[in-house]
Amino acid sequence: MTDESTGNATTPYDFGAGHLNLDLAMDPGLVYDLTNEDYLSFLCSIGYGPKTIQVITRSPAACPMRRKPVPENLNYPSIAALFSTGKKGVLTKTVVRRVRNVGDVNSVYRVKVEAPKDVTVVVKPGKLVFSDKVRELSYYVTVKIDRRDLVMGVSGAVFGSVSWVDGKHVVRSPLVVTQLDAL
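Take the sequence shown: its letter number 66 is residue 65 in numbering that gives the first Met the number 0, and every next letter is one higher.
These are computed hints drawn from the structure, not numbers from a lab. There's no promise every hint is true.
Dumping the calculated DSBU-like pairs for lysine-lysine here, alpha-carbon to alpha-carbon at most 30 Å [stated by the list, open to error]:
#1 K123 to K67
#2 K116 to K132
#3 K50 to K67
#4 K67 to K126
#5 K143 to K67
#6 K116 to K86
#7 K86 to K67
#8 K111 to K50
#9 K132 to K167
#10 K143 to K86
#11 K143 to K116
#12 K123 to K87
#13 K87 to K50
#14 K132 to K111
#15 K87 to K132
#16 K123 to K111
#17 K132 to K86
#18 K67 to K87
#19 K116 to K167
#20 K126 to K143
#21 K87 to K111
#22 K143 to K92
#23 K123 to K86
#24 K116 to K126
#25 K50 to K86
#26 K143 to K123
#27 K92 to K111
#28 K116 to K92
#29 K167 to K111
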């Protein structure tokens, strides 16, 4: 697609995560559930303290003490790998996602990765096996770049996707790789 205002090719920044097929919307296969704890971890990861979080949530809150959560692990379907512009060489970033099977009980999903040019994307495990006892599973996405080879697009990012396919469903998550310095 082309952006009519600029004449440039569009990116996921322009059109979002994809298209909704209303015929299939009632049978998505997998969903990315978010819990109160997910939101709490996210607020902690972006530097909000217990008092500020309590104002937002209207209930007492405490950030995890053992290990600071990272914002990239908010259990959204979209995946963002942000690398600092000040770092050089080969860099990696790993994020975790959790999916719940809402389709056939004994479903098996295999991963399909569309990696951006000059980016290595590894998903583990490469297969998700659900059963009546296993309805929710996590997977890890590791993004590896070499700053010497990576060329960002006009938007300042490169794009790909991670899809889970079971023969009936294609559950696609957009992937964005960009360079950004903390404020």
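Hint-by-hint comparison with the structure:
no. : hint         : verdict
1   : K123 to K67  : holds (23 Å)
2   : K116 to K132 : violated (39 Å)
3   : K50 to K67   : holds (17 Å)
4   : K67 to K126  : holds (29 Å)
5   : K143 to K67  : holds (22 Å)
6   : K116 to K86  : holds (20 Å)
7   : K86 to K67   : holds (21 Å)
8   : K111 to K50  : violated (42 Å)
9   : K132 to K167 : holds (21 Å)
10  : K143 to K86  : holds (13 Å)
11  : K143 to K116 : holds (11 Å)
12  : K123 to K87  : holds (26 Å)
13  : K87 to K50   : violated (37 Å)
14  : K132 to K111 : holds (25 Å)
15  : K87 to K132  : violated (45 Å)
16  : K123 to K111 : holds (11 Å)
17  : K132 to K86  : violated (44 Å)
18  : K67 to K87   : holds (24 Å)
19  : K116 to K167 : holds (28 Å)
20  : K126 to K143 : holds (21 Å)
21  : K87 to K111  : holds (29 Å)
22  : K143 to K92  : holds (7 Å)
23  : K123 to K86  : holds (26 Å)
24  : K116 to K126 : holds (24 Å)
25  : K50 to K86   : violated (34 Å)
26  : K143 to K123 : holds (14 Å)
27  : K92 to K111  : holds (19 Å)
28  : K116 to K92  : holds (17 Å)
29  : K167 to K111 : holds (14 Å)
The structure fails hints 2, 8, 13, 15, 17, 25 (numbered hints given earlier, in ascending order).
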